[in-house]
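Protein chains: 2
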Amino acid sequence: MDADTLLEVALRNALASTSHSSCPPKLAAALQYAVFPGGARIRPKLTLAVSQACATGAEHAALAAACAIEFLHCASLVHDDLPCFDGADYRRGKPSVHVEFGERLAVLAGDALIVQAFAVAADYPQIAKIVAQAVGAPHGICAGQAWECEPEIDLVEYQRAKTGALFAACTMAGAAAAGVDAAPWRAVGMLLGEAFQVADDLRDVAGISGELGKPTGQDAANGLPNMVSKLGYDGAMELLETLLGRVIAAIPDCPGRAALAKQIELVSRAMVPKQLARGAA
Amino acid sequence: MDADTLLEVALRNALASTSHSSCPPKLAAALQYAVFPGGARIRPKLTLAVSQACATGAEHAALAAACAIEFLHCASLVHDDLPCFDGADYRRGKPSVHVEFGERLAVLAGDALIVQAFAVAADYPQIAKIVAQAVGAPHGICAGQAWECEPEIDLVEYQRAKTGALFAACTMAGAAAAGVDAAPWRAVGMLLGEAFQVADDLRDVAGISGELGKPTGQDAANGLPNMVSKLGYDGAMELLETLLGRVIAAIPDCPGRAALAKQIELVSRAMVPKQLARGAA
Numbered sequence: 021m022d023a024d025t026l027l028e029v030a031l032r033n034a035l036a037s038t039s040h041s042s043c044p045p046k047l048a049a050a051l052q053y054a055v056f057p058g059g060a061r062i063r064p065k066l067t068l069a070v071s072q073a074c075a076t077g078a079e080h081a082a083l084a085a086a087c088a089i090e091f092l093h094c095a096s097l098v099h100d101d102l103p104c105f106d107g108a109d110y111r112r113g114k115p116s117v118h119v120e121f122g123e124r125l126a127v128l129a130g131d132a133l134i135v136q137a138f139a140v141a142a143d144y145p146q147i148a149k150i151v152a153q154a155v156g157a158p159h160g161i162c163a164g165q166a167w168e169c170e171p172e173i174d175l176v177e178y179q180r181a182k183t184g185a186l187f188a189a190c191t192m193a194g195a196a197a198a199g200v201d202a203a204p205w206r207a208v209g210m211l212l213g214e215a216f217q218v219a220d221d222l223r224d225v226a227g228i229s230g231e232l233g234k235p236t237g238q239d240a241a242n243g244l245p246n247m248v249s250k251l252g253y254d255g256a257m258e259l260l261e262t263l264l265g266r267v268i269a270a271i272p273d274c275p276g277r278a279a280l281a282k283q284i285e286l287v288s289r290a291m292v293p294k295q296l297a298r299g300a301a
Numbered sequence: 021m022d023a024d025t026l027l028e029v030a031l032r033n034a035l036a037s038t039s040h041s042s043c044p045p046k047l048a049a050a051l052q053y054a055v056f057p058g059g060a061r062i063r064p065k066l067t068l069a070v071s072q073a074c075a076t077g078a079e080h081a082a083l084a085a086a087c088a089i090e091f092l093h094c095a096s097l098v099h100d101d102l103p104c105f106d107g108a109d110y111r112r113g114k115p116s117v118h119v120e121f122g123e124r125l126a127v128l129a130g131d132a133l134i135v136q137a138f139a140v141a142a143d144y145p146q147i148a149k150i151v152a153q154a155v156g157a158p159h160g161i162c163a164g165q166a167w168e169c170e171p172e173i174d175l176v177e178y179q180r181a182k183t184g185a186l187f188a189a190c191t192m193a194g195a196a197a198a199g200v201d202a203a204p205w206r207a208v209g210m211l212l213g214e215a216f217q218v219a220d221d222l223r224d225v226a227g228i229s230g231e232l233g234k235p236t237g238q239d240a241a242n243g244l245p246n247m248v249s250k251l252g253y254d255g256a257m258e259l260l261e262t263l264l265g266r267v268i269a270a271i272p273d274c275p276g277r278a279a280l281a282k283q284i285e286l287v288s289r290a291m292v293p294k295q296l297a298r299g300a301a
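Sequence lines, in order, name chains A and B. The opening residue of the first sequence carries number 21 in the numbering used here; numbering runs sequentially from there. The opening residue of the second sequence carries number 21 in the numbering used here; numbering runs sequentially from there.
Wrong hints could be hidden among the right ones.
Copies of one chain are not kept apart here, so a pair can be met inside one copy or by any two copies together.
What the hints assert, rightly or not - Simulated pairs of lysine-lysine, DSSO-like, Cα-Cα distance not exceeding 27 Å:
id: 1; residue 1: 65; residue 2: 282
id: 2; residue 1: 65; residue 2: 149
id: 3; residue 1: 149; residue 2: 46
id: 4; residue 1: 46; residue 2: 250
id: 5; residue 1: 114; residue 2: 65
id: 6; residue 1: 114; residue 2: 46
id: 7; residue 1: 282; residue 2: 114
Hints are computed from structural coordinates only; laboratory data are not their basis. None of these values were measured; they are calculated from a predicted model.
Here chain A stands alone, though its shape is the one from the complex (with noise of 0.2 Å):
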């Protein structure tokens, strides 16, 4: 079974128990939903590939860190959907949670997601504690989306909780379930997502659907901090080259460094458009 297929696999046996037939039948549908197809699966992938670098033998407790992680991931997103946010109608490519099985559903299997991926993460208690700090309050994905809430925006501290606290919890708890320390891993992470972000308002801007399958021009649609008319085109492009260079250069010493660093400059590269990178005809 390849790495990828194995993911899959043990994203749907973690999520499993929660369509038992004694569920009610269109939660246990948006749940499924929620999580399948996934998107690019970044974030699981890079906490493998993290715990891997770090050591051999922790198959389980980095598999429960991924399968946590992306559930969620996908929380956060179909949260993010509702129209009382983004009111996204699309997501991944197909209707987004709340269009497909309605608002109450929508806002119930993000609920059900963040429970179950603690359920996941409960044999290891500083996995759970380090996804937690990543999605909660102050400094988490919540945290983030609050920035939105209020009349000013602090633009460094909205970035880094809406989209850098998560990854550097993939990294953190890749390394958490490895048995290492986890603390010299939380820059990678960190970097690895201000670099996403990036990414992800150039692709905004210039009208590229991405990983996610969401629409474009969102974020000029919604008012929300853009870096692209921060720094303008040239400017963002040449600080998420930076920060791809900072990213290699902050994976600390460990047995499989080599490979992860070409692994994480693959999954960076696959970041920039096509369309935008340079050289492009």
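Fit chain B to the given chain A structure using the hints.
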């Protein structure tokens, strides 16, 4: 410090990290608003009472379980009050969270409370699993709420999931915190939850604003199942009496059994609205 004050202090401490100065101010305020001042705090008090009846010296674990359960209860109230569900404007005698802070912050505060519950319980994997079961899918609060989205409601499964499951988590997590087998404690919580639901239905129909300070007549207004409409007033009162007897009988042997039975009886009596109690003038 008396037991009630100790619990409030523990709740404040467990929520404190979310209100760090870097948290978006409105989210921090909404989180405090959702948890303080509380209702009767029946669930965390039950958790602590069971733990103390089973063993002494497990205070840290028991308080963690109690705080996690209360946060999850508060989260469920915040999301349940949203316009897409009950659309309740009042809760615990004040405007509900979405009325005071807007719908977006109500969604986020609920999410962040779920996350914080698991952050608080992270050091106790068994407790984390017990509370996850009580709030997620297929048998927890999310599933209970989701039955309201189905064309046909399984009334027994609905009330077990929506109310019984979290009461069962109280008794089971209390036992687990004390280091004893949690399974025999499930029945006490489920029966107590059932009794609580019947008492709530009686208050709703009789127009008596109960523990939660919420408007009455909501079940009929929202087309939700209610035991009084099913069994009639006398039938519902009789069922309540029977259930309370079964709760006491179901308490497993433990060092503090007699004191716990007395405490649960007091709580149970308080559930029956005075205006409805037999023999009331």
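Review point. How would you label the pair residue 65, residue 149 (within, between, both, or neither) given a Cα cut-off of 27 Å?
Key: Both ways: residue 65 and residue 149 sit 20 Å apart in one copy and 25 Å across, limit 27 Å.
Exercise for review: Could you figure out if residue 65 and residue 282 sit no more than 27 Å apart (CA to CA) within one copy, between two copies, both or neither?
Suggested key: For residue 65 and residue 282, only the intra-copy Cα distance (14 Å) is at most 27 Å; the inter-copy one is 54 Å.
Review point. With identical chains treated as interchangeable, where does the CA-CA distance between residue 149 and residue 46 reach 27 Å or less: within a copy, between copies, both, or neither?
Key: between (31 Å within a copy, 24 Å between copies)
**Study point:** Homo-oligomer pair classification [residue 250, residue 46; C-alpha up to 27 Å]
**Key:** Result: close only across copies, 25 Å inter versus 43 Å intra.
Exercise for review: If the cutoff is 27 Å on CA atoms, where do residue 282 and residue 114 land: within, between, both or neither? Let me know, please.
Suggested key: Classified as neither; 32 Å inside a copy, 56 Å across copies.
Practice item. Could you figure out if residue 114 and residue 46 sit no more than 27 Å apart (CA to CA) within one copy, between two copies, both or neither? Key: Within one copy, since 17 Å is at most 27 Å while 33 Å is not.
**Study point:** Up to 27 Å CA-CA - residue 65 versus residue 114, copy category
**Key:** within (23 Å within a copy, 46 Å between copies)
Hint check: a violation occurs at hint 7 only; the rest are consistent with the structure.
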